[in-house]
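J.: Next come the chains, spelled out residue by residue.
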Amino acid sequence: MTTYIWLIPGLPLLGFLVNGLLGRSLGKTFVSVMGPGVIGASFLVSLFTFVEMLDAPGYSLTQHLYTWIQAGDFTIPATLVVDRLSGLYILIITGVGFLIHLYSVGYMGDEDEYAYWRFFCYLNLFVFFMLLLVLGSNFLLLFVGWEGVGLCSYLLIGYYFKKNSAASAAKKAFVVNRIGDFGFIVATLAIFTIFGTLEIAAVNDAASVKLAAGGGAVTAITLLIFLAATGKSAQIPLFVWLPDAMEGPTPVSALIHAATMVTAGLYVVARLSHLFVLAPMTMMVIAIIGAATAFFAATMALAQNDIKRVLAYSTVSQLGYMFMAMGVGAFMVGIFHVMTHAFFKALLFLCSGSVIHAMHHEQDMQKMGGLIRKMPITGWTYVVGALAISGAPLIFAGFFSKDEILWKAFSSPFGHPLFWIVGVITALMTAFYMFRSVSLTFFGKSRIDPQLEHHVHESPWTITLPLVLLAGLAIVGGWVGIPHLLGRSLIPNVLKNYFDGFFAKIPEGIHYGDGLEFGLMAVSTLGALAAMYGAYVLFSRHLPLAGALRDKMRPVYRMLSNKYWIDEIYNLLIVRSIHWISDKVLWRIVDVRIIDGIVNGLAASARNLGGALRLTQNGIVENYAVGIVVGAVFIFWWLLF
Amino acid sequence: MIPNLTTPDFLSILPETIVFVMGMVVLLFDLFGRGRPIRNLAYLTLLTLAAAAYADWTLLGQGLSGFQGTIVADNYSIAFELVFLTVTAFTVLISIRYLEDQEFWFGEYYALLLFATGGMMLMASGRDLLLIFIGLEILSISSYVLVGMFQKDPKSNEAALKYFLLGAFATGFLLYGIVMLYGATGSIHLDGIAKALDGKSAAENPYILFGLGFLLVGFGFKISLAPFHMWTPDVYEGAPTTITAFLSAGPKAAGFAALVRILVEGLSATQFHWVQVLWLLAAITMTVGNVLALQQDNIKRMLAYSSIAHAGYILVAVVVGGAEGLGAIIFYAMAYTFMNFGVFAILILASSKGRERVTFDDYAGFGYLEPALGLAMLVFMLSLAGIPLTAGFAGKFQIFKTAVEQGYIWLTVIGVLNSVVSIYYYLRMIVVMYMQQPTNHSISQRAVPSVPLYAAIAMAIAGVMLLGIFPSLWMDLSLESVSVMTAGR
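Chains A and B, in that order, are what the protein sequence lines are.
Numbering-wise, the first sequence is residues 1 to 641 according to our numbering.
Numbering-wise, the second sequence is residues 642 to 1130 according to our numbering.
It cannot be assumed that every hint is accurate.
[What the hints assert, rightly or not] Computed list of lysine to any residue pairs in SDA-like fashion (alpha-carbon distance at most 20 Å, straight line):
#1 Lys796(B) - Pro544(A)
#2 Lys505(A) - His579(A)
#3 Lys445(A) - Trp461(A)
#4 Lys163(A) - Thr219(A)
#5 Lys796(B) - Leu1016(B)
#6 Lys1042(B) - Val621(A)
#7 Lys496(A) - Glu517(A)
#8 Lys796(B) - His579(A)
#9 Lys445(A) - Arg373(A)
#10 Lys796(B) - Glu622(A)
#11 Lys445(A) - Pro376(A)
#12 Lys367(A) - Pro544(A)
#13 Lys1042(B) - His416(A)
#14 Lys374(A) - Arg447(A)
#15 Lys374(A) - His484(A)
#16 Lys796(B) - Phe745(B)
#17 Lys163(A) - Leu151(A)
#18 Lys171(A) - His579(A)
#19 Lys994(B) - Asn939(B)
#20 Lys796(B) - Thr75(A)
#21 Lys1042(B) - Ile76(A)
#22 Lys1042(B) - Arg373(A)
#23 Lys163(A) - Asp181(A)
#24 Lys1042(B) - Thr75(A)
#25 Lys1042(B) - His579(A)
I should point out that these hints are in silico values taken from the structure, not numbers from a laboratory.
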């Protein structure tokens, strides 16, 4: 029993409350200290808790706060659990969260006082809900966090609510997520019916007893949970909201739509690994959806000109990678990539924010170029991030986690060489579009509006410090998971030892030799290096050639830049038809005629009854006494006869 | 023979003693301190209530009983006494500015409030019909005077007279009931009555049933069950607003406390009979209260009928019985106290002498004129309507959930339909506040700040939200306290 875990979500909540209630009157400086301060404090508590957890029996700390719901035998305690999975997550959330809060002080500094105050309120509230999501010991508490982050995401995407596109993007994100939430709710009910409890640990323990492996029940539950995960983590078919979510301020994209909230889906799958391994069909679906999402999102990223949109599609694609890892049973590797991705994707977004900030809200990469001379810190940290995500070998974080995923996709008993092939192609595309964006933005000749150009300069320290720190993490973050192949007995795979025995065991696959593993790694790595170099040369030195190539492939390019017209297809098939049913059937017939008819009829009769009863209430005492006598007679009659 | 009195005897009446003695002290202060602001007496009263609550708190779980078992300080009585003390504390908080505003300078007001509180406490802790009757009369007589406190206001006088006449009439019924029960069983002590009724045939004794019937009429009047409710709107409208608030929460809870104790501890042998009668009374009371509330334009009258409807919901819990049902009564009484006083505090804050906001129309645009007060009013109305995350929902949920579990499906259906009806007039307030343009009349009235009223509203909000989100805070004690009582049987 540890007594201070509540501080981890409690401090951000405190920040939200104090900022929300008093921030407006206390001014910008106060908000700037309070907002990041609570997250920093929460990070320190998380660190302390994490260290204590490593010494705790069973590597798990719990704190029971109070009994939330008590109805007969049904009890929902509000309990927080720090174990190896949530311990890692809280470090990422508060650590990266703190850097992004710090960054926001600089980035949002130009906003007026009211907007500034509102921003930090929402951001603190988001961190609170995200921490609740990962720390909650049962499905209901998890769901509170799950819905809470959805709400904050909605509020922050629509932060510039006067812009029509921002408002509709927020709405889209919310509605699409609701579809996933439906899956979560139904899965929760099914789990409660089968297990009689909503405590996650108990469900994991009893999974193999209560559910037949491969049976319909476990497959349905896991598929429903995965549906929820596709909503939150932007996978096919529910990924469409994430690119639009870039309407929010850039720190929001970095924190919510890259580093933390979108990994909630992966968190839930990893958390319930004992359930998922019982459903091979679900695992296969996850792996296929993950691989498909990774591939298609990467192709779409190739054709984007908005610097943030490239990163948005890249996020979708990387999340697909992680799901592919989950689907082949490599839960640990998936979580490893969640961690490294949090570092380098947050870094990339923040760099892009720094550029956008300097360029006075210009986001089109075609109007940039050569910025490395004006903004060296931003530029070089962006290059670090791009190297990390592209899997530049041996040093950068992305290399280790991505290569582990590819290897598991090939070698795991749930895996298949096809997954490896799709993964490698995606990796090549990733390297290509990332270095396209690096070159277009920072290298080559400047295409910046000359009037704007001499205003462009490096951002203040509150912006660059987080960049440098994250760049450091984007390098060393991968060193905790150096595979045996490279580390041998000299460098231990820290992460593997850390998670030893935590996730559900999957059956041993065929044992492949080191040579094959090395060979596959070499193929993907060399390919990625070639793609990086190619993109760099093409887009920094031979831009006209790139334009000519694009014109040659115009139909493909148009298809990619329009995201395969998926938004339009959804609009036609789903939105319009629902709209029609709502308008013509549900509203005009069901609601107006039937429901309103009944309600209005009942209301009219209640009023008439009231009007009649009112006559008895005439203010004359004798009549009231008669009323009492009538009542008494009635009672006696009832009792005695 | 004079029995030996020991420490537990006196400890068991410690909270009551504090309240009664301090009531007299307040009178004396008033006598010798003429000319000083009566605000001071209000603070003294609040201190008294706090002391009594503290005494109750220390007695919790000891299950003391004194004076040969005629009075107890078990968890049941303590839980109810905490409700009464909360009610009176709220009444005092909302009275301070109201009385000054009405240029009312009589300190007896606070003394009478304390006496009424003491009477309620005796009703909850008495296990002897005579003691319960005395408590009821102390409460009633204090209430008659409090209703008529504004001597120069004809409405206040009329209300007091009506209340007194009908109250005396109902008291007669109650006394008859006690006499019949005594005649049939030879005891006025609840244990004695229960012992005499052990065995089915005795319970079929017509004298017992007559006694039960008279008792139900007497209490039905006190807790204004339909058709004994007709005095309620007139009295509530005429009484000083603070006293209306007090009457709608305190004496009703006390009536339920005594009635439930008598029925469960004394007359459980006749349960078959009283359950049937109360079932019908509950259905009628909920319906009459809600249907008539629909028609009201005056908010005080609306709240009067609404309090009748809420008494109906509580009566459902009495019918359902068992620890779960009876516990819901205590929970609901507390929840109702918070939301009811919240509304009254706002009514008083928003009005001033000569410019009273009494009808719905007076609140047009209130949500924009006074954003904070409007929001608070919104919360209270939602709670009264029983919307989740509020105390009102938690209470109703517990009542109806238990009713369904015990098989009272139809009563639950009636109750739920009634709460649907009630949403109409509670939401009407919200509609008026937020969706209607302020009239010139209402614009000219801004609330005059008052710290005690703000404190009352803040306490009420905190109570409504806390009991709504963490019902177990009060539910655990409520459930546990009645199980102590029922287990004793």
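J.: Hint by hint, note whether the structure agrees.
T.: Going down the list of hints, with the structure as the test:
1. Lys796(B) - Pro544(A): At roughly 93 Å apart (the allowed maximum being 20 Å), proline 544(A) and lysine 796(B) break the hint.
2. Lys505(A) - His579(A): Distance of about 46 Å is beyond 20 Å: violated.
3. Lys445(A) - Trp461(A): violated, 27 Å
4. Lys163(A) - Thr219(A): violated, 43 Å
5. Lys796(B) - Leu1016(B): The given pair, whose Cα atoms are some 32 Å apart, is violated under the 20 Å limit.
6. Lys1042(B) - Val621(A): violated, 39 Å
7. Lys496(A) - Glu517(A): Holds, because 18 Å separates the two Cα atoms, which is no more than 20 Å.
8. Lys796(B) - His579(A): violated, 58 Å
9. Lys445(A) - Arg373(A): holds, 11 Å
10. Lys796(B) - Glu622(A): Holds. Lysine 796(B) to glutamate 622(A) sits at ~18 Å (cutoff 20 Å).
11. Lys445(A) - Pro376(A): Satisfied, since the Cα-Cα distance of roughly 15 Å is no more than 20 Å.
12. Lys367(A) - Pro544(A): holds, 15 Å
13. Lys1042(B) - His416(A): Since the Cα atoms of lysine 1042(B) and histidine 416(A) sit roughly 53 Å apart, the hinted pair is violated (cutoff 20 Å).
14. Lys374(A) - Arg447(A): holds, 13 Å
15. Lys374(A) - His484(A): violated, 42 Å
16. Lys796(B) - Phe745(B): Holds, at about 16 Å.
17. Lys163(A) - Leu151(A): Since the Cα atoms of lysine 163(A) and leucine 151(A) sit roughly 19 Å apart, the hinted pair holds (cutoff 20 Å).
18. Lys171(A) - His579(A): holds, 16 Å
19. Lys994(B) - Asn939(B): holds, 17 Å
20. Lys796(B) - Thr75(A): violated, 52 Å
21. Lys1042(B) - Ile76(A): With Cα atoms ~17 Å apart, lysine 1042(B) and isoleucine 76(A) stay inside 20 Å; holds.
22. Lys1042(B) - Arg373(A): violated, 70 Å
23. Lys163(A) - Asp181(A): violated, 27 Å
24. Lys1042(B) - Thr75(A): holds, 15 Å
25. Lys1042(B) - His579(A): violated, 38 Å
In the structure shown, a violation is registered for the earlier hints numbered 1, 2, 3, 4, 5, 6, 8, 13, 15, 20, 22, 23, 25, in ascending order.
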